[in-house]
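There are 2 protein chains.
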Amino acid sequence: MEFKVTHRAGDCRARAGIIKTPHGSFETPVFMPVGTQGSVKALSPEDLTDADASIILANTYHLYLRPGAHLIRRLGGLHRFMNWKGAILTDSGGFQVYSLARLREISERGVVFRSHIDGSKHLIGPEEAIDIQEALGADIIMAFDECTPYPADYDYVLKSVGLTSLWARRCMDHRKREDQALFGIVQGGMYKDLREKSASELVAMNFDGYALGGLSVGEDAVTRQRVIDDVIDFLPATAPVYLMGVGKPEDLVEAVRRGVDMFDCVMPTRNARNGALFTTTGRLNIKNARYAEDDRPIDERCNCYTCANYSRAYLRHLFMAREILAYRLNSIHNISYYCSLMSRMRSAIKDNNFDHFCSEFYTLKQNRID
Amino acid sequence: MEFKVTHRAGDCRARAGIIKTPHGSFETPVFMPVGTQGSVKALSPEDLTDADASIILANTYHLYLRPGAHLIRRLGGLHRFMNWKGAILTDSGGFQVYSLARLREISERGVVFRSHIDGSKHLIGPEEAIDIQEALGADIIMAFDECTPYPADYDYVLKSVGLTSLWARRCMDHRKREDQALFGIVQGGMYKDLREKSASELVAMNFDGYALGGLSVGEDAVTRQRVIDDVIDFLPATAPVYLMGVGKPEDLVEAVRRGVDMFDCVMPTRNARNGALFTTTGRLNIKNARYAEDDRPIDERCNCYTCANYSRAYLRHLFMAREILAYRLNSIHNISYYCSLMSRMRSAIKDNNFDHFCSEFYTLKQNRID
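Heads up: the protein sequence lines correspond to chains Y and G, in order. Residue 116 in the working numbering is what sits at position 115 of the first sequence, and the numbering runs on without skipping anything. Residue 310 in the working numbering is what sits at position 309 of the second sequence, and the numbering runs on without skipping anything.
Chain Y extracted, bound-state conformation (with noise of 0.2 Å):
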């Protein structure tokens, strides 16, 4: 993988850049849809290409659970057994090990915890994520982590990061494949000096990119951008910097702001599965009767597919009535608004009018809530 930053803002952190990987380039800043079980919920991919998207994220633990990452593998790898030919970003199975698994025990060794879908026991440990990465075989993997919870007291912090650095080193030397990046995940709670020691750590290592992690987690989003704005000045400027698991469009728009590069988020789709839409003037609820006789696009400065061939009427009906096209033509357009507002973004940061940019957003946005 290369990354170059290929233009700064004049008037905040805010950068672009291009990120080259073995399945093509992209610029950043970037928006990476969610790809949890080897599918981005309801999208094939060409819808997801159509769209504008670059690279997705896969779960690590949902595919190591099933169908299994040796079966992907003997099947020629995550890429071809999905028919994706863009770039893909496996997490390390941490978070989802925090929120989702049950009985979790954390040790040295690494996570035993039992399925979410089964109850069947497993363990998780470094050698293990990387082992399942390597077998998946994405683009771009993560170092195993904890994710540590919200809130939690200093002292817990502090082993959490210490962990999290013994994990990482783990990683970087149990890896083989040498095609994939290798990012290293920063944590440390809202404790800026926790933040530091993590950033410092992992930075020690000389990992492919960084992210941001124990983030969107229930902290508001006045500290997040606070710990953002923390964290970015322990890294290096050379790296890609991804923010996980963020989040709403003003999210996106307030941490590129701060220097950001990448982002993925389940919200575009699935808002999308519960009729909620972004629209350039706020977002709409498909549900809402008002729609029922509307004959207008979801957003008029819309160039998706959902907007050029349906009315919220015939959306609005799709959705009532279940029918399965709904799921996919509302996910088709919110995929579409988070890669356009990417898109804009960078545009912007070339143009060197990024808080023009964020102005007109922000006025823009508060035409209509629903």
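Don't read these hints as lab results, they were simulated from the structure. Source: prediction; values computed, not measured. Take the hints with a grain of salt, since some may be wrong.
Because identical chains share one entry, a pair is satisfied inside a single copy or across any pair of copies.
To be verified - Using 30 Å as the maximum straight-line C-alpha spacing, the simulated DSS-like pairs for lysine-lysine come out as follows:
{"#": "1", "residue 1": "Lys122", "residue 2": "Lys288"}
{"#": "2", "residue 1": "Lys42", "residue 2": "Lys86"}
{"#": "3", "residue 1": "Lys21", "residue 2": "Lys177"}
{"#": "4", "residue 1": "Lys42", "residue 2": "Lys288"}
{"#": "5", "residue 1": "Lys288", "residue 2": "Lys86"}
{"#": "6", "residue 1": "Lys351", "residue 2": "Lys249"}
{"#": "7", "residue 1": "Lys122", "residue 2": "Lys42"}
{"#": "8", "residue 1": "Lys86", "residue 2": "Lys122"}
Here the structure of chain Y is known, so what remains is to put chain G in place on it, guided by the hints.
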């Protein structure tokens, strides 16, 4: 609408033809995927076109209840509402009132029933069925009929045929749009003389086409084939014959052999959503553990998008993980299978070797039954 028979098989009553509608021409025999609520479940219009579908069926009963036929008319009609550029046939609502609605009361005026969605009370008679179908704007509409239950005694069916003929006359008299073809529906249960009575009364009214109704309601295949043989003799050779709601691939083959031109059935899409996939060598159930590491497409003889891009192993994984994409990919395949089967039958008719096609079809099919 224009219908022209272009070829007749030398060895049976199978025939090939062309139907011309305001939304394109298509060859017969033809299979119409079912878009009950204004969407062929899990598929987009492009998916249908790619699968070689040229005409779809939509359900009058469902669209009348939700979102409402007049709403669809105000939004430009069903073609525009659902973004389908091909032809559409709407059924009369008679079968759904019979199979889905509650508390039916049948009189000469029409049928009073309660909605399966919210229990609300409605009346649909021949005039209402025509009004609804004119509002929807399909290319081919159906006369309102009483779908005779099965089994039913002679006297009941005799009265029922009388009612269907009365309603057919009122449909004819009530219609206003000249751009829609109107088909009559032959009833008469399993009684040859009542089928003859029904057919001859409808033929006297000079419909644009004739449907065989009241089949696929529980009778066995041999009885159904006998009824088809009976009725075909009573219909003019110049009008298209449509067998409603049938059926399995072998049912289509047997009906084409007997002279039927048009079909619709939920089987390919419903089975797809249950993981049952049609292949030239029989049905397979994608849930089966034997497909867990099977790198082959569903059917090596199939050219559909699903077979070109995805393995049985991936499709099984998607299905087991309940991914929405599973329903779409499976439906694309099954609709492609049905459309390809019709295309192969048309070629066999044109090449004057329909009997040979049939023996190949049955031989191949018996290679594997899951």
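So, going through the hints one by one against the coordinates:
1. Lys122 to Lys288: between (41 Å within a copy, 24 Å between copies)
2. Lys42 to Lys86: Result: close both inside a copy and across copies, 17 Å intra and 27 Å inter.
3. Lys21 to Lys177: Within one copy, since 20 Å is at most 30 Å while 63 Å is not.
4. Lys42 to Lys288: Both, since 20 Å and 19 Å are each at most 30 Å.
5. Lys288 to Lys86: Between copies only: 26 Å across, 35 Å inside.
6. Lys351 to Lys249: Intra 23 Å, inter 59 Å, cutoff 30 Å: intra-copy only.
7. Lys122 to Lys42: For Lys122 and Lys42, the Cα distance is within 30 Å only inside one copy (27 Å; across copies 38 Å).
8. Lys86 to Lys122: neither (34 Å within a copy, 53 Å between copies)
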